[in-house]
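**Q** Got chain A; can you put chain B on it based on the hints?
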Amino acid sequence: MSSDDLFAAEEQVIAAAQELLDKGALHDKADGKLYQELLKDYQKLFRTTRRLMKLSDRNEQQLNALSQEQRRANEIIATKNKELEALSKKLSKYLSPQIYHSIFTGAQNVEIASNRKKLTIFFSDVVNFTETTDKLESEDLTHLLNRYLTEMSNIALEHGATIDKYIGDAIMVFFGDPESKGVKEDARACVRMAIAMLRRMRELHAEWQELGAVKPFHLRIGIDTGYVTVGNFGSDDRMDYTIIGSVVNLTARLQSFAEIDGILLGHETYSLVKDEVAVEEREPIKVKGFAEPIRCYKVLGLYDDLADEGMVIREEADGFKFLLDLQKRDRAEAIAALESILARLKE
Amino acid sequence: MGDKLNIEATSRTPAVLFDFAHHHLKIAGESYPEDVTEFYGPVFIALDNYLNTIGKTSCRFDFELIYLNSSSAKAIMMVMDKLEAAAKKGAAVEVYWYYDNEDDTMQELGEEFGEDLESAKFHLEKMTA
Numbered sequence: 001m002s003s004d005d006l007f008a009a010e011e012q013v014i015a016a017a018q019e020l021l022d023k024g025a026l027h028d029k030a031d032g033k034l035y036q037e038l039l040k041d042y043q044k045l046f047r048t049t050r051r052l053m054k055l056s057d058r059n060e061q062q063l064n065a066l067s068q069e070q071r072r073a074n075e076i077i078a079t080k081n082k083e084l085e086a087l088s089k090k091l092s093k094y095l096s097p098q099i100y101h102s103i104f105t106g107a108q109n110v111e112i113a114s115n116r117k118k119l120t121i122f123f124s125d126v127v128n129f130t131e132t133t134d135k136l137e138s139e140d141l142t143h144l145l146n147r148y149l150t151e152m153s154n155i156a157l158e159h160g161a162t163i164d165k166y167i168g169d170a171i172m173v174f175f176g177d178p179e180s181k182g183v184k185e186d187a188r189a190c191v192r193m194a195i196a197m198l199r200r201m202r203e204l205h206a207e208w209q210e211l212g213a214v215k216p217f218h219l220r221i222g223i224d225t226g227y228v229t230v231g232n233f234g235s236d237d238r239m240d241y242t243i244i245g246s247v248v249n250l251t252a253r254l255q256s257f258a259e260i261d262g263i264l265l266g267h268e269t270y271s272l273v274k275d276e277v278a279v280e281e282r283e284p285i286k287v288k289g290f291a292e293p294i295r296c297y298k299v300l301g302l303y304d305d306l307a308d309e310g311m312v313i314r315e316e317a318d319g320f321k322f323l324l325d326l327q328k329r330d331r332a333e334a335i336a337a338l339e340s341i342l343a344r345l346k347e
Numbered sequence: 001m002g003d004k005l006n007i008e009a010t011s012r013t014p015a016v017l018f019d020f021a022h023h024h025l026k027i028a029g030e031s032y033p034e035d036v037t038e039f040y041g042p043v044f045i046a047l048d049n050y051l052n053t054i055g056k057t058s059c060r061f062d063f064e065l066i067y068l069n070s071s072s073a074k075a076i077m078m079v080m081d082k083l084e085a086a087a088k089k090g091a092a093v094e095v096y097w098y099y100d101n102e103d104d105t106m107q108e109l110g111e112e113f114g115e116d117l118e119s120a121k122f123h124l125e126k127m128t129a
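For the protein sequence lines, the chains are A and B, in the order given. Residues in the first sequence are numbered from 1 upward in steps of one, following the working numbering. Residues in the second sequence are numbered from 1 upward in steps of one, following the working numbering.
Do not rely on the hints blindly, as some may be mistaken.
Each computed SDA-like pair below joins lysine to any residue, with the alpha-carbon atoms no more than 20 Å apart [unchecked claim]:
#1 Lys215(A) / Ile260(A)
#2 Lys82(B) / Thr48(A)
#3 Lys40(A) / Asp116(B)
Negatives, chain B to chain A, calculated, CB over 12 Å [stated by the list, open to error]:
#4 Ala21
#5 Pro33
#6 Asn52
#7 Ile54
#8 Lys56
#9 Glu125
#10 Lys126
Restraint ranges, calculated between C-beta atoms of paired labels, are given here [stated by the list, open to error]:
#11 Ala15(A) / Asp3(B): 46 to 56 Å
#12 Ala25(A) / Ile45(B): 41 to 51 Å
#13 Ile77(A) / Glu102(B): 21 to 31 Å
#14 Leu117(B) / Gln62(A): 25 to 35 Å
#15 Ile76(A) / Gly41(B): 40 to 50 Å
#16 Glu38(B) / Arg71(A): 30 to 40 Å
#17 Glu158(A) / Glu8(B): 56 to 66 Å
#18 Ala9(B) / Ile77(A): 50 to 60 Å
Treat the hints as calculated values from the structure; they're not laboratory data. Just so it is clear, CB atoms sit at the ideal spot from N, CA and C, and this is done for glycine as well.
Next up, chain A with everything else stripped away, as it sits in the complex (with noise of 0.2 Å):
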């Protein structure tokens, strides 16, 4: 049915009247004015009601239009953002899970910007890499190293480290940006998942012997506390988020410095460390780029553990602190100064 079909009454009504007008039907002058008034009043009536019919339908057709091409517009955002997923679902394993995060929930932007913040900082070197792999073959190397590198990361991970970098078999990891339990947590934090990276090398040691490794890996660590420019770093197209400062310079310094398997505190670290940590006090170290010697301390354990193994006795409580390194003290020393003790308080 065409418009005009749709109109066709109306047009026919029209068309009598015309004609009633046209023939001179009415003969009353007046009424014949007032007839032909209310005719072209009529006339204008439809006319609006056609057009607005008309707009109304062409307002739907594109409405409709409009809604297909959002339904396509969805779909293709739909495909699009899956993609996008995946990508930055493989983008995700070159960034540390907590920058990844924050700058996919718009909590950081990315952009060369940088602050100051106080961080303990993590490095790790395997001893000796380049000898203890020379005569692995390629996939052989590639297969340890990634080995390695992920269960360090696990551990990472588990307590709550940045991880900033790899740099070969190196590790550098902080703690404290973006995400912050306070600066004594934090370095609590760093030291407990360094005690539990060399526990694990210990197991991996006696599962990588057992698959015909002839020399196992063997970790140094450095860790220290300190305030760093902490932020994107590069150009616009190229950036890393990272940290810079004399402290991260001189962790990697510690490191260098550690025992084989062992752990090198700096002096802020250990103060922050020292009531759940047992360590012991090294030769100062000279540092490039510092006046006075580094103090340094290397660890020995968490005390929880220490007392674990009988190796110390540590009661804590609000005002009473006791500790007892059975290692350092005679126990028949220590019971002598006990009973000192004892006496005096009887007293």
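**A** Chain B alone, transformed into the frame defined by chain A:
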């Protein structure tokens, strides 16, 4: 009546720029207000007040509409009626209907509106970028 009536455009309502002092009136943008009488009511009042005073003066009305819903189209027809009535009384009313080159609907609507005007002079023009 002031010298001007300026209503800024929103996402649903057009801009109204009535410069009474220079006899240049304009409605531009999209029109699908939630309440068409609430939006066009003050526009009609201002227009009536103006048209009642112009006598035989020349005046120009520009329509630059991109989208109209049915209620707005009816309101625009009422504006056209008012302009036609003023022209009939002797005012030299020029109506310019601008349409987007790719928008047949607005072009046809303009043509039809133009057919209704007998005394006011109607111009159908393409919008320039």
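**Q** Compare the structure with each hint and give your call.
**A** Hints versus structure:
no., hint, result
1, Lys215(A) / Ile260(A), "holds, 14 Å"
2, Lys82(B) / Thr48(A), "holds, 15 Å"
3, Lys40(A) / Asp116(B), "holds, 12 Å"
4, Ala21, "holds, 33 Å"
5, Pro33, "holds, 15 Å"
6, Asn52, "holds, 23 Å"
7, Ile54, "holds, 24 Å"
8, Lys56, "holds, 25 Å"
9, Glu125, "holds, 20 Å"
10, Lys126, "holds, 19 Å"
11, Ala15(A) / Asp3(B): 46 to 56 Å, "holds, 49 Å"
12, Ala25(A) / Ile45(B): 41 to 51 Å, "holds, 42 Å"
13, Ile77(A) / Glu102(B): 21 to 31 Å, "holds, 25 Å"
14, Leu117(B) / Gln62(A): 25 to 35 Å, "holds, 26 Å"
15, Ile76(A) / Gly41(B): 40 to 50 Å, "holds, 43 Å"
16, Glu38(B) / Arg71(A): 30 to 40 Å, "holds, 33 Å"
17, Glu158(A) / Glu8(B): 56 to 66 Å, "holds, 57 Å"
18, Ala9(B) / Ile77(A): 50 to 60 Å, "violated, 29 Å"
Hint violations for this structure: number 18 only, all remaining hints satisfied.
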